[in-house]
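*Asks:* Line by line, the protein sequences are chains D and Y. Residues in the first sequence are numbered consecutively from 1, following this note's numbering. Residues in the second sequence are numbered consecutively from 1, following this note's numbering.
Please note that the accuracy of each hint is not assured.
As the list claims (entries may be wrong) - Just a few of them, taken from the derived set where beta-carbon distance is under 8 Å, the chain D residues facing chain Y:
| # | residue |
| --- | --- |
| 1 | 11 |
| 2 | 15 |
| 3 | 19 |
| 4 | 44 |
| 5 | 60 |
| 6 | 64 |
| 7 | 67 |
| 8 | 83 |
| 9 | 87 |
| 10 | 91 |
Read the hints as simulated data drawn from the structure, not as lab findings. Even glycine gets a Cβ: it sits at the ideal position worked out from N, Cα and C.
Here's the letter readout for the chains.
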Amino acid sequence: RKEVEQDPGPFNVPEGATVAFNCTYSNSASQSFFWYRQDCRKEPKLLMSVYSSGNEDGRFTAQLNRASQYISLLIRDSKLSDSATYLCVVNSRAGNMLTFGGGTRLMVKP
Amino acid sequence: DTEVTQTPKHLVMGMTNKKSLKCEQHMGHRAMYWYKQKAKKPPELMFVYSYEKLSINESVPSRFSPECPNSSLLNLHLHALQPEDSALYLCASSQLGQGDEKLFFGSGTQLSVL
């Protein structure tokens, strides 16, 4: 089993739709979780950290389920500009070591 | 705008060339990283420096040689690369300490080895 797994997609959704991605992780001792967004040929950019209580930033909501070892990202009212690859990142190893999931590609269409 | 600056943005080199990638950050981060990313794949960790000391080398071939001259700078020296080394090379920095390890990436160097 991979340390961090994501459905690669692509998820093709119309503008205005709500879309959710899940990410599973194998190390139950993981403490830090993040979602990054990466546009084609650009660097990954931090979208949001994921906290135990869940957190929201505008149209984006992140949740953590420790019992089932997954995190989720919900995007409401999708915009064309949300089209990107979303990377789940977990500190699944000792020290300052973050492990990336394979990424989920989202395409929002008019 | 990224607070981690990488140069050059693009690099084309032959297999016998020697070149260097440079990275600079002024956020006071004490951890710096080199990642390699191929198309449609996630970034793969190559090296980690903590407090200017190499703490992690993910079994990277010796034709890649990292250097951390001070807490703000990170270099990656390239020598005798192979065409399969063509990729996007990303530098990142972070604080040290659990919960603070979110990465801030530079815009990357797109490397082509001919």
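*Asks:* So, for every hint listed, does it hold in this structure?
*Replies:* Taking the hints in turn, this is what the structure says about them:
no.	hint	in the structure
1	11	15 Å, violated
2	15	25 Å, violated
3	19	20 Å, violated
4	44	5 Å, holds
5	60	16 Å, violated
6	64	13 Å, violated
7	67	21 Å, violated
8	83	15 Å, violated
9	87	6 Å, holds
10	91	6 Å, holds
Of the numbered hints given earlier, the model fails hints 1, 2, 3, 5, 6, 7 and 8; all others are met.
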